[in-house]
Amino acid sequence: MSKVRVLVGTRKGAFILTADGKREKWDVSGPHFAGWEIYHLKGSSADPNRLYASQTSGWFGQVIQRSSDGGKAWETPGGGLTAMPDGMPSGESNKFVYNASAENGKPLTTHQWYDGTQHPWEFKRVWHLEPSLTDPDVVYAGVEDAALFRSTDGAQTWHELSGLRGHGSGPRWQPGAGGMCLHTILLDPNHPDRIFIAISAAGAFRTDDAGKTWKPINRGLKSNTIPDGTAEVGHCVHRIAMHRSRPDVLFMQKHWDVMRSDNGGESWQEISGNLPTDFGFPIDVHSHEPETVYVVPIKSDSEHYPPDGKLRVYRSKTGGNEWEALTKGLPQSNCYVNVLRDAMAVDSLDSCGVYFGTTGGQVYASPDAGENWAPIVRDLPAVLSVEVQTLQ
Amino acid sequence: MIRVILPAHLRTLAHIDDELKIDVNAPVTQRSVLDAIEERYPMLRGTIRDHVTKQRRPFLRFFACEEDLSHESPDAPLPDAIASGAEPFFIIGAIAGG
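So the sequences go chain by chain: P and A. Residue 246 in the working numbering sits at position 160 of the first sequence, with consecutive numbering throughout. Residue 131 in the working numbering sits at position 80 of the second sequence, with consecutive numbering throughout.
Worth flagging that the hints you see were computed from the coordinates, not collected in a lab. All values derive from a computational prediction rather than experimental measurement. Misleading hints may appear alongside valid ones.
Derived lysine to aspartate or glutamate pairs resembling EDC-like cross-links, with alpha carbons at most 20 angstroms apart [what the hints assert, rightly or not]:
| hint | chain 1 | residue 1 | chain 2 | residue 2 |
| --- | --- | --- | --- | --- |
| 1 | P | K158 | P | E473 |
| 2 | A | K72 | A | E138 |
| 3 | P | K181 | A | D86 |
| 4 | P | K308 | P | E318 |
| 5 | P | K403 | P | D348 |
| 6 | P | K403 | P | D436 |
| 7 | P | K308 | P | D387 |
| 8 | A | K105 | A | E90 |
| 9 | P | K414 | P | E110 |
| 10 | P | K385 | P | E410 |
| 11 | P | K181 | A | D101 |
| 12 | P | K181 | A | E90 |
| 13 | A | K105 | A | E123 |
| 14 | P | K181 | A | E89 |
| 15 | P | K301 | P | D334 |
| 16 | P | K89 | P | E473 |
| 17 | P | K210 | A | D101 |
| 18 | A | K105 | P | E208 |
My request is simple: use the sequences and hints to build the entire structure.
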């Protein structure tokens, strides 16, 4: 019988929630890495027992954790007590060093700072880990300050795909309130060399040559938070989602506005339609219906909670513009939590499950595509990320 | 044998239950102590000082013999009591709420 494994990153550790295909009774494991911020953890689709986790701390910096048994045991890749064959100690899985080589992608040394001056790139943390679709030892990391790294040895060592920072627009990238983070990595299942990424606040970018060169894909975005609202870069993209069967169609939750592209990001059009507010963070797509999209509207950029104190997931079955509120089982009064950009996911069971976590520590699940919701857990630390694995 | 007290989170990361005891080649300095720790426990690399610059992470402090040595040169000799193992070298996480 199928099972689901929900991977939850929180401000104070990771939790793993498991259930059978009915998704009624849940086992809760955790906290793993207690006391640490777990920005993201995700499993490999090539080997579901291979998990990667980003463990961070303001005191101790970045740690990468890896599991090969579905989250029962964890290790810092290459960080054990055994020296490498050359006699040097291992343990470089948390070493993220920006590429400063002259021959590689015109590496940039500065980006725009909050006061408009230029500021050097400084690694702070890994926001998102995206395992390869085909090789469990290949994994991408989106980091703050914004850059994309790749490991081909199971996260033991990391190398920057510096063509992204070398694109030339880097001096116009700027941090949002949460930092200048690369938070979205989408791998195109049809074109192995095509990757989409998104940065707050720079915008969306695409490579068609496995990360050597990149182009900004922000035409059609309009942002009143930058002087030229239709500029090539500078947009605060919060999240992008795609359906695996149709990777040229992208859905975006921007700082304000929900957007759609039908041409791999070449151009975007707004699909906010009848949403009560088009501010929000996560966006996701039904696992079997490529035109069914989910968002969680948030009141505004200065009031990060649901409008009217009602926690509502909105679903469009028409690829946008026409949205319906999904409320059954969700609090409809006095609810002032937020749902962060990486904190929504779907499973791939016949009846698509939808999951999201809140800054109030609840993880809600709907086993029927959003019709009915129930909390799996309700008193975790603030939830930073939610991912789901469907296991056979 | 040098004695080192690590913050709880780093003890967990390194699978250390208690005080760390480690051999350090003379001269005993902050740098040589940290080099020895990182060689023995590679999972701690980058968590106490930067991988590349070797600068102390800003929210950590180094205490010894009731003195804050955080701003001393990493190559300055540590007190004799540390070098002899009579007193431990403390790596302390700054107090912060939340």
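Results of checking the hints against the structure:
Note on K158(P) and E473(P): the hinted pairing holds, with a Cα-Cα distance of about 17 angstroms set against a maximum of 20 angstroms. Restraint check: the Cα-Cα separation between K72(A) and E138(A) comes to about 11 angstroms, which is no more than 20 angstroms; the hinted pair holds. At roughly 16 angstroms between alpha-carbon atoms, K181(P) and D86(A) fall within 20 angstroms of each other, so this suggested pair holds. As the CA atoms of K308(P) and E318(P) are separated by approximately 10 angstroms, the hinted pair is consistent with the 20 angstroms bound.
A hinted pair counts as satisfied when its Cα atoms are at most 20 angstroms apart, and K403(P) with D348(P) qualifies at roughly 16 angstroms. Between the alpha carbons of K403(P) and D436(P) the distance comes to roughly 17 angstroms, so the proposed pair stays at or under 20 angstroms and holds. For the hint pairing K308(P) with D387(P), the CA-to-CA distance comes to about 16 angstroms; that is within 20 angstroms, so the pair holds. Simply put, K105(A) and E90(A) have alpha-carbon atoms about 14 angstroms apart, close enough for the 20 angstroms limit, and the pair holds.
As the CA atoms of K414(P) and E110(P) are separated by approximately 16 angstroms, the hinted pair is consistent with the 20 angstroms bound. Simply put, K385(P) and E410(P) have alpha-carbon atoms about 17 angstroms apart, close enough for the 20 angstroms limit, and the pair holds. Distance hint between K181(P) and D101(A) is fulfilled; the C-alpha atoms sit about 9 angstroms from each other, no more than 20 angstroms. With a CA separation close to 15 angstroms, the supplied pair K181(P) and E90(A) stays within the 20 angstroms bound.
Distance restraint check for K105(A) and E123(A): the Cα-Cα separation of roughly 14 angstroms lies within the 20 angstroms cut-off, and the hinted pair is therefore satisfied. As the CA atoms of K181(P) and E89(A) are separated by approximately 13 angstroms, the hinted pair is consistent with the 20 angstroms bound. Taking the CA atoms of K301(P) and D334(P), the gap is near 15 angstroms; set against the 20 angstroms cutoff, the hint holds. For the given pair, K89(P) sits about 14 angstroms from E473(P) by alpha-carbon distance, which is consistent with the 20 angstroms threshold.
Taken as a hint, the K210(P) and D101(A) pair is honoured in the structure, with Cα atoms around 11 angstroms apart against an allowance of 20 angstroms. Between K105(A) and E208(P) the alpha-carbon distance is near 15 angstroms, which keeps this suggested pair within the 20 angstroms criterion.
Checked against the numbered hints listed earlier, the structure breaks none of them; every hint is satisfied.
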